[in-house]
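**Student:** Okay, here's what each chain looks like letter by letter:
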Amino acid sequence: MPKDNSIKSVLIIGSGPIIIGQACEFDYSGTQAARSLREEGIKVTLINSNPATIMTDPLMSDKVYLLPLTPESIEKILQENDIDAVLPTMGGQTALNLAKEIEEQGIWEKYNVRLIGVDIKAIDKAEDRDLFRNWLIELGVPVAPAMIANSFLEGKEAAQKIGFPLVIRPSFTLGGTGGGFVHNKEELDSKLTYGLQASPIHEVLVEQAVLGWKEYELELLRDSADNVAIICSIENFDPMGVHTGDSITVAPTMTLSDTAFQLMRNTAIEVMRDLGNFSGGCNVQFALNPETEEIIIIEINPRVSRSSALASKATGYPIAKIAAKLAIGYNLDELKNQITHTTSAYFEPALDYVIVKIPRWNFDKFKGADDTLGLQMKSVGEVMAIGRSFNEAIQKACQSLENKALGLGIYSEKEYKAEELIEYIKIPKWDRIFKIKEALMRGVTVKTICQATRIDKWFINQLNDLCIFERNIAQYTIDTLPIELLKEAKKEGFGDAQLAKVLQGKCTEDQVYEKRKAAGITRVYKMVDTCSAEFEAKTPYFYSTFEG
Amino acid sequence: MPNQQQPAILLLADGTVFHGKSFGKIGIAGGEICFNTGMTGYQEVFTDPSYFGQMLIMNSVHVGNYGVKAEDTESDSVKIKGVICRSLEAKYSRPMADGSLQDYLESNNIVGISGVDTRALVIHVRHKGAMNCVISSETQEIEELKALLTKVPDMNGLDLAKEVSTKEEYTYGDPNAPIRIAVMDYGIKRNILKCMSDRGAYMKVYPAKTPVSKLREFNPNGYFISNGPGDPSSMPYAIESVKEILKEKKPLFGICLGHQLLALANGIPTFKMHNGHRGLNHPVKNLITGRSEISTQNHGFGIDADGVKKNPNVEITHLNLNDESVEGIRLKDTPAFSVQYHPEATPGPHDSRYLFDDFIKLIKENMN
Numbered sequence: 001m002p003k004d005n006s007i008k009s010v011l012i013i014g015s016g017p018i019i020i021g022q023a024c025e026f027d028y029s030g031t032q033a034a035r036s037l038r039e040e041g042i043k044v045t046l047i048n049s050n051p052a053t054i055m056t057d058p059l060m061s062d063k064v065y066l067l068p069l070t071p072e073s074i075e076k077i078l079q080e081n082d083i084d085a086v087l088p089t090m091g092g093q094t095a096l097n098l099a100k101e102i103e104e105q106g107i108w109e110k111y112n113v114r115l116i117g118v119d120i121k122a123i124d125k126a127e128d129r130d131l132f133r134n135w136l137i138e139l140g141v142p143v144a145p146a147m148i149a150n151s152f153l154e155g156k157e158a159a160q161k162i163g164f165p166l167v168i169r170p171s172f173t174l175g176g177t178g179g180g181f182v183h184n185k186e187e188l189d190s191k192l193t194y195g196l197q198a199s200p201i202h203e204v205l206v207e208q209a210v211l212g213w214k215e216y217e218l219e220l221l222r223d224s225a226d227n228v229a230i231i232c233s234i235e236n237f238d239p240m241g242v243h244t245g246d247s248i249t250v251a252p253t254m255t256l257s258d259t260a261f262q263l264m265r266n267t268a269i270e271v272m273r274d275l276g277n278f279s280g281g282c283n284v285q286f287a288l289n290p291e292t293e294e295i296i297i298i299e300i301n302p303r304v305s306r307s308s309a310l311a312s313k314a315t316g317y318p319i320a321k322i323a324a325k326l327a328i329g330y331n332l333d334e335l336k337n338q339i340t341h342t343t344s345a346y347f348e349p350a351l352d353y354v355i356v357k358i359p360r361w362n363f364d365k366f367k368g369a370d371d372t373l374g375l376q377m378k379s380v381g382e383v384m385a386i387g388r389s390f391n392e393a394i395q396k397a398c399q400s401l402e403n404k405a406l407g408l409g410i411y412s413e414k415e416y417k418a419e420e421l422i423e424y425i426k427i428p429k430w431d432r433i434f435k436i437k438e439a440l441m442r443g444v445t446v447k448t449i450c451q452a453t454r455i456d457k458w459f460i461n462q463l464n465d466l467c468i469f470e471r472n473i474a475q476y477t478i479d480t481l482p483i484e485l486l487k488e489a490k491k492e493g494f495g496d497a498q499l500a501k502v503l504q505g506k507c508t509e510d511q512v513y514e515k516r517k518a519a520g521i522t523r524v525y526k527m528v529d530t531c532s533a534e535f536e537a538k539t540p541y542f543y544s545t546f547e548g
Numbered sequence: 001m002p003n004q005q006q007p008a009i010l011l012l013a014d015g016t017v018f019h020g021k022s023f024g025k026i027g028i029a030g031g032e033i034c035f036n037t038g039m040t041g042y043q044e045v046f047t048d049p050s051y052f053g054q055m056l057i058m059n060s061v062h063v064g065n066y067g068v069k070a071e072d073t074e075s076d077s078v079k080i081k082g083v084i085c086r087s088l089e090a091k092y093s094r095p096m097a098d099g100s101l102q103d104y105l106e107s108n109n110i111v112g113i114s115g116v117d118t119r120a121l122v123i124h125v126r127h128k129g130a131m132n133c134v135i136s137s138e139t140q141e142i143e144e145l146k147a148l149l150t151k152v153p154d155m156n157g158l159d160l161a162k163e164v165s166t167k168e169e170y171t172y173g174d175p176n177a178p179i180r181i182a183v184m185d186y187g188i189k190r191n192i193l194k195c196m197s198d199r200g201a202y203m204k205v206y207p208a209k210t211p212v213s214k215l216r217e218f219n220p221n222g223y224f225i226s227n228g229p230g231d232p233s234s235m236p237y238a239i240e241s242v243k244e245i246l247k248e249k250k251p252l253f254g255i256c257l258g259h260q261l262l263a264l265a266n267g268i269p270t271f272k273m274h275n276g277h278r279g280l281n282h283p284v285k286n287l288i289t290g291r292s293e294i295s296t297q298n299h300g301f302g303i304d305a306d307g308v309k310k311n312p313n314v315e316i317t318h319l320n321l322n323d324e325s326v327e328g329i330r331l332k333d334t335p336a337f338s339v340q341y342h343p344e345a346t347p348g349p350h351d352s353r354y355l356f357d358d359f360i361k362l363i364k365e366n367m368n
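Just so you know, the sequences run in chain order A and B. Counted the way our numbering counts, the first sequence spans residues 1 to 548. Counted the way our numbering counts, the second sequence spans residues 1 to 368.
Please note that a few of the clues may not be correct.
Each computed BS3-like pair below joins lysine-lysine, with the alpha-carbon atoms no more than 30 Å apart [unchecked claim]: (1) B:128 - A:336; (2) A:538 - B:272; (3) B:91 - A:538; (4) B:91 - A:517; (5) B:91 - A:426; (6) B:21 - A:491; (7) A:491 - B:25; (8) A:501 - B:21; (9) B:146 - A:457; (10) A:515 - B:21; (11) A:457 - B:25; (12) A:336 - B:309; (13) A:487 - B:25; (14) A:156 - A:426; (15) A:447 - B:69; (16) A:417 - B:91; (17) A:491 - B:128; (18) A:457 - B:69; (19) B:309 - A:457; (20) A:447 - B:21; (21) A:43 - A:121; (22) A:491 - B:249; (23) A:429 - B:91; (24) A:506 - A:538; (25) A:487 - B:146; (26) B:309 - A:447; (27) A:487 - B:91; (28) B:91 - A:447; (29) B:364 - B:249.
Short derived list, chain A residues pointing at chain B, Cβ under 10 Å [to be verified]: (30) 59; (31) 62; (32) 225; (33) 253; (34) 296; (35) 299; (36) 331; (37) 343; (38) 345; (39) 350; (40) 442.
Just so you know, the hints here were simulated from the structure itself, not pulled from any lab data. Where is the CB? At the ideal position from N, CA and C, for every residue including glycine.
Between the sequences and the hints, there should be enough to build the whole structure, so can you do that?
**Tutor:** What follows is the structure, encoded as C-alpha cells:
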C-alpha cells in the first residue's frame, strides 16, 4: 500500500526526562521519525517535557511543545492544532503509556486523531505478564515454566514444582521492584515474602530461571502487508541473568548456527504477525539453551526500543526513519535502502564487521548502591565500537569507556590472586570483563572462566588469544618490537597508550605513535553500508581500523 | 592451530595479490572467485553442490565459530574449491558440534586463506566482476601461480552439473507416500528433498544424463529439476530433457539451475552475471500475491527478462527488488514453474517454503 495521503499532520510523543533504561535512544528515534515524516510533506508537531534533546530543536519539527507528558497537555495541543494522527512508538514506554491512557479517556476519538504505528491490544499483550505467557503458550511458542502464587504456601509449592534456580516476579510493580533470583531453599522464604509484600495484589510469578542460557535479541520491521525483515541480530556476551541494558552485546550474533538462528527468526516473525495489527519496529528477546539449542521467548517490545537505536547504528539501517514511513502507509518493498539509494529497503542487512556495545555505569555517583548486575537495569549509558574483528571491537569499546584500563587492560591497584578472580567473576558486576582479562593473564584456563561465568567459550577463547598476543608483545621494548607485530597489535585493537604500558622498559604513547607512523601503520576507514560491500553505497558512514 | 601461522597468498586473474595465512589443507587451489554475504550457515554453503568449483569469499568476519555438525550439510562433501576469509576460526563453542572447521576442511582437502582484507577484495570483485583466482599456502612464487591460473577453466561454457550429479539412482522418502516425484539431479541440495518428503512426496533421484523415458518408468506425478553449478546453456542434454518432460504436461518445479533450464527449454536465453547473487538477504516480490520475501540466493547466471516477455506462453511471477532481475516464471499451457532463488534455504530464511506447498498442491490438482 502506498502512502496514506489523508495524514497531513502528525503528533510525535517524546520520552520525557532521561532516566535509567530510557535515555537518549528515544531522542534519536524521535528525531529520525520527525525528519522522515517531514520528508513526506507531513506537518510534524512534537511534545516532550525534556528540552535538553535534539528532537525539541526548532529545526526538527514544525511545532514543538515543551509541556509535561500528560493528557491535559495533549488535549491542549489537539485543541490548538489540526492533528490527523499520533505516532506514539518513538518515545519508549512513557509515550506508549500516555497514548494508551488518552485512548482509554476517549480523547483521540473526540479530536478525530488516529493512532498510527501501534496496536493498543498488542501493548497490553506484551506488557501484562499473564496475558503474555498465555498468548505465547497458545501460539505454541516456548516460555520458561512458571506459576502464579497468591500466598506464601502457593509460592512454596510452585518453587517445589519448578525447582531452583528460579525468579520471583511480583505482579504490578514498576521496574522489577521486589523481584529477584532464588538460588536455593534457604533464600526462598525471605525472597518470596518480600515479593508478595511488594505486589499491591499480593501476587508473584514464580518462574524457572534459565541462568546460564545464552541471550539474544532480534530487531524487526513489519509493514501493513505483513512483510517482516530482521534488521539486526544481537548476541549478549553475558548469559541470562543480566538485564540486556546492562549486558555487553555483540552484533551480528557470533555463536549461532543457521539452524538455531532460523528457529529464532521464524519464531520472531510468527509472534510479531500474531501480536496485533501494526506496522513499525519490534524487538524480540530470546534465551537459548546451549546444550539442546531449545529457545524460549523472554520479552517482546512492539515499538522502537533501546536496542533499535543500537541496531540502527550497528547496521546502517535507520529503523526509526523507516518505521515512521511504515506508520503512514508505505510498505517495505516500496521504499529504498537509505544507504545505497538503489536497492530495496526490504532486506536484511549483512555485516562485514563486528559491533560491541559495553554499558557505562556510574556507581561512584550512587554511593551505597549494590553494584551487582541483575534483573533491573543500572547502567547510565553505553559505548559502541566497530571493528574488523571481535577483539578489535571489544578493545575499542573498552578504550571508549575512558577508564584507567586503556582498552581491555588491567587497572586494579590491588594484586588479586587467581582464586580471588575466579570467585569475583562468578557474580556479574560492571568490571567483570576486566577481571576476566586479568584472570586469563594470570593463566586461569578458558574452561575455568567459562564455568565461572557461563559466558560462551568462543568469546573467552578470543579474549585468551588476545592475552597470548599481549604476552608476546610484552617481551619486547619499543625499540625491539618487530614492525609486523606492531601492525598485528593495531589490528587487534591495541591503543598506542595501551602498547606503551604493555611493552618492556619506559615508553610513552608518543613513542609508539612515532614508531608506527614511520612504518606507515595508520588508520584506514571502512564503510558501514548495510550490505557487506555487495552494492555501492551513496551515504554510508565510516569506522576506523588498521586493516589494508 | 598447527598450520595457521603459515603464510598464504591469493592471486586474481587480473594480477591483484592478497596476503593471508593458511587454513584447512596446505596446498594450492584454483577456481572462479565469488562472495557470499550470509552471516550464518557456512557449513551448508560449503557443501552446497551449486558452489562446485568456486573459490568462495565469506564477507562475514568470523567463520567457524560454531564448528561443524554432520546434520548441517547439503551434500556428502565440501563442494567449494577454496575459501577466503577475514578470520577463519579453528576454535568453536557449540556443544552440539562434531568438530572444528579447521579439521573439517583439512579432511575434505580444502585449501583456505584467512586474514585477508575481504572487504577490499569484495569491492574489487564487485567492480571487476567474477574472475578466476588461485590461493596457495604451498608456494609464494607469483610466476608459478600465474601459470597455474591459466589452467583454471572459464566458468562460461562449463558443464559442472554432470560432475556433482549422483552416479546412481536413489530414492528418498516414504515409498508409501501418496505423491511420487521424479527428480533430475544436477547437484541437488539435500534439504530440497527433505522439504518435498516432509510434504508427502516419495522421490526417485536420477543422474544428470538419464533419459526421460527412464524417469517415466517411476510413474511420477510430477517432475523436479534441481539446482546445480555451471553454465546452463552448456547443457543441451538437460534442456532437451526439460523439453521432453514438458510435453507430458505434468507438474514441474525447477530451482536455480532448474529455473534456467526451464527458461532455455522455452527459448529464453540465459547470461553470465557481473558477479552474481550470493547471500541470505535478497528481497523478492511475488507478483501473484503481492507479498515479498527475503530469500537465499546463489547464482552466477540469470535468465533474460526480455526473452521472457517475448514468449507469450511464459509469465514472470517473481522479481528481485534490488535489481529487478527475473526470480520466478511459470508456463501458461503447462503446470510448470520455477524460481531462481532457494526456497529450501539452509542456510537462510524460510520465507519461501510455501513454493513447495504450491508444487504439492499443483500435483494433487493434476492427479484427479
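**Student:** Determine for every hint whether it applies to the structure shown.
**Tutor:** Results of checking the hints against the structure:
1. B:128 - A:336: The hint holds at about 25 Å.
2. A:538 - B:272: With Cα atoms ~26 Å apart, residue 538 (chain A) and residue 272 (chain B) stay inside 30 Å; holds.
3. B:91 - A:538: violated (37 Å)
4. B:91 - A:517: Violated. Residue 91 (chain B) to residue 517 (chain A) sits at ~34 Å, over the 30 Å cutoff.
5. B:91 - A:426: holds (24 Å)
6. B:21 - A:491: Given pair residue 21 (chain B), residue 491 (chain A) holds - Cα atoms ~15 Å apart, limit 30 Å.
7. A:491 - B:25: holds (25 Å)
8. A:501 - B:21: holds (29 Å)
9. B:146 - A:457: violated (41 Å)
10. A:515 - B:21: holds (25 Å)
11. A:457 - B:25: holds (25 Å)
12. A:336 - B:309: holds (26 Å)
13. A:487 - B:25: holds (26 Å)
14. A:156 - A:426: Between residue 156 (chain A) and residue 426 (chain A) the Cα gap is close to 27 Å, so the pair holds against 30 Å.
15. A:447 - B:69: Holds, at about 22 Å.
16. A:417 - B:91: holds (28 Å)
17. A:491 - B:128: Holds. Residue 491 (chain A) to residue 128 (chain B) sits at ~27 Å (cutoff 30 Å).
18. A:457 - B:69: holds (17 Å)
19. B:309 - A:457: violated (55 Å)
20. A:447 - B:21: OK: residue 447 (chain A) and residue 21 (chain B) at ~27 Å, within 30 Å.
21. A:43 - A:121: holds (28 Å)
22. A:491 - B:249: violated (60 Å)
23. A:429 - B:91: With Cα atoms ~27 Å apart, residue 429 (chain A) and residue 91 (chain B) stay inside 30 Å; holds.
24. A:506 - A:538: violated (46 Å)
25. A:487 - B:146: Distance ~29 Å between residue 487 (chain A) and residue 146 (chain B) Cα, so the pair holds.
26. B:309 - A:447: violated (62 Å)
27. A:487 - B:91: Between residue 487 (chain A) and residue 91 (chain B) the Cα gap is close to 23 Å, so the pair holds against 30 Å.
28. B:91 - A:447: holds (13 Å)
29. B:364 - B:249: Roughly 14 Å separates the two Cα atoms, so the pair holds.
30. 59: At 33 Å from the nearest chain B Cβ, residue 59 (chain A) fails the 10 Å test, so the hint is violated.
31. 62: Hint on residue 62 (chain A): violated, closest Cβ of chain B at ~33 Å, above 10 Å.
32. 225: Interface hint status for residue 225 (chain A): holds (7 Å vs cutoff 10 Å).
33. 253: The hint holds - residue 253 (chain A) has a Cβ within 10 Å of chain B, the shortest such distance being about 8 Å.
34. 296: violated (18 Å)
35. 299: Since chain B brings no Cβ nearer than about 23 Å to residue 299 (chain A), farther than 10 Å, the hint is violated.
36. 331: holds (8 Å)
37. 343: holds (4 Å)
38. 345: holds (9 Å)
39. 350: holds (4 Å)
40. 442: Given a least distance of 20 Å, the restraint on residue 442 (chain A) is violated.
Violation of the numbered hints given earlier is confined to hints 3, 4, 9, 19, 22, 24, 26, 30, 31, 34, 35 and 40; the remaining hints are satisfied by the structure.
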